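For reference, the chains in residue letters:
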Amino acid sequence: MLSKIKDYIIGKIHLADEIARAKSVDIIESEITQLEYIFSVLTFGEFLGYPSVPSQIMFELLSESEDSINLLLDRINTQNEPLAELISTFRID
Amino acid sequence: MKSKIHFYIGKGGVGKSTISSLYSVYLSDNHKVNLASLDSAHNLSDIFNISFSDRPKDISSNLKVTEVNIENKIKEYLGEIENDLAISNTNLAAFNLLDELNIIKQSPGLEEYGLLKSFSDIIENHAEADHLIFDMPPTALSMKFFSLPSRSLLWIEKLIDLRNRIKEKKEIVSTIKIGKSEIEQDKILKKLLELKKQFQTFNNLLKSEKVEINLVVNQDSLSINEGRKIINELEIIGFKVDKIIINKFDETQQKVSAFEIFDQVKIPISKEKLIGYENLKTFAISIF
Ligand SMILES: Nc1ncnc2c1ncn2[C@@H]1O[C@H](COP(=O)(O)OP(=O)(O)OP(=O)(O)O)[C@@H](O)[C@H]1O
Ligand SMILES: [Mg+2]
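Just so you know, the protein sequences line up as chains U and H, in that order. Using the working numbering, you'd call the opening residue of the first sequence number 254 and step up by one each time. Using the working numbering, you'd call the opening residue of the second sequence number 89 and step up by one each time.
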């Protein structure tokens, strides 16, 4: 009887742990996406007419940055206010 | 690198090209010298009465002269990037990014980067020279040239911070998910660290004992005022002027009261036209 209760409780703890892990992973992953986005605007904002890093640095990074640029292009396609989001992200962060 | 590096800066028309030519001819008597113009409105060709290009030309057994082509340098550099992109990023090519590059050729920052690249080429290709002498472009661009490494480093540090934050978070996610932090290498971070090293090397070299910055002025208030500004701006970014050259010096004219704390060299007005190697040599021997 006692051991059944113990199993039950341990089971619950495992479940809670798994949920917590999944949640924190979600949060951190969305933070990563935001940071990646900030990085891409800082580096390649020039393409959107935003102030960004000096061109020489942008050019040097270009060939390693397919993901960053794709992220930027995706955002432009899905929303009209990339800068607004950038600023609000900075505030939250 | 054993070469000593001399820069000649100052207001337009004060005699930067003439003085750097005279000094090069003088030094080449018993040292290996490479004189290079980094000013795209070159006038070394007029002074030596010989046409120059970005291939060094022998003037005497010890003296080579180069006029760098900044515009070509920038084109060459963007061409390399286009190639890298075409090879590594099929997707980017599809987004017409390469077309954008044509517009970006005008982009601010690239001119001084072209300058820095040309400068770096010369240092690499002429490491055997005892003296590398640089006739510099107009003041604004020269200042951007000197500040480029430190300005770039500020940004690079920021970007490195950001990439490190991303990396840390990725490691946390990986630890939660699979119990250990296994993430793939961050290519951008790697590139940023390389760039940091490069710019630090430039910065250290430019601020080292190997470098001598010569400010050329005349006895008129315009060139003196610009000279003062140059000294101040350079100081802000951590450079000091080593020598003031008062060119076209005339004793009967008003004394130059600025720059007392600096080493000064006075160069008189030449009676002969300062054109051609022989004339330069005769005058150089009489003044240095
Ligand atoms: N000591 C001198 N005696 C006589 N003439 C001189 C002397 N120094 C320079 N000149 C003359 O002054 C003019 C301008 O000199 P120079 O072209 O060297 O200046 P610069 O600073 O290189 O000009 P720029 O900013 O246009 O490149 C030239 O005609 C040159 O021959
Ligand atoms: Mg000149």
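In case anyone wonders, no lab produced these hints; they're calculated from the structure. Mixed in with the good hints, there may be bad ones.
Which residues of chain H face chain U? A few of them, derived with a C-beta cut under 8 Å, are [stated by the list, open to error]:
| # | residue |
| --- | --- |
| 1 | H130 |
| 2 | S133 |
| 3 | I169 |
| 4 | I248 |
| 5 | R251 |
| 6 | R253 |
| 7 | I264 |
| 8 | I266 |
| 9 | G267 |
| 10 | K268 |
| 11 | I271 |
| 12 | L281 |
| 13 | K284 |
| 14 | K285 |
| 15 | F376 |
Owing to the predicted nature of the structure, the values given are computational and were not obtained by experimental measurement. Even for Gly, the Cβ is constructed at its ideal location relative to N, Cα and C.
Proposed interface contact between H:K284 and chain U, which counts if any beta carbon pair is under 8 Å: violated (10 Å)
Minimum beta-carbon distance criterion (8 Å), H:I271 to chain U: Violated. Min distance 11 Å.
Interface hint for H:I266, Cβ within 8 Å of any Cβ on chain U: violated (11 Å)
Per-residue hint verdict: H:I248, partner chain U, C-beta under 8 Å: violated (11 Å)
Hint status (Cβ of H:I264 to nearest Cβ of chain U, threshold 8 Å): holds (5 Å)
Chain U contact restraint on H:L281 - CB to CB distance below 8 Å: With Cβ-Cβ at 12 Å, over 8 Å, it is violated.
Chain U contact restraint for H:K285 - C-beta distance below 8 Å: violated (12 Å)
Given hint H:I169 near chain U, where the shortest CB pair must fall under 8 Å: holds (6 Å)
Hint status (Cβ of H:S133 to nearest Cβ of chain U, threshold 8 Å): violated (29 Å)
Interface restraint verdict for H:H130 against chain U (beta-carbon cut-off 8 Å): violated (23 Å)
Per-residue hint verdict: H:G267, partner chain U, C-beta under 8 Å: This interface hint is violated because 11 Å lies over the 8 Å limit.
Chain U contact restraint on H:F376 - CB to CB distance below 8 Å: violated (38 Å)
Comparing the model with each numbered hint stated earlier shows that hints 1, 2, 4, 8, 9, 10, 11, 12, 13, 14 and 15 do not hold.
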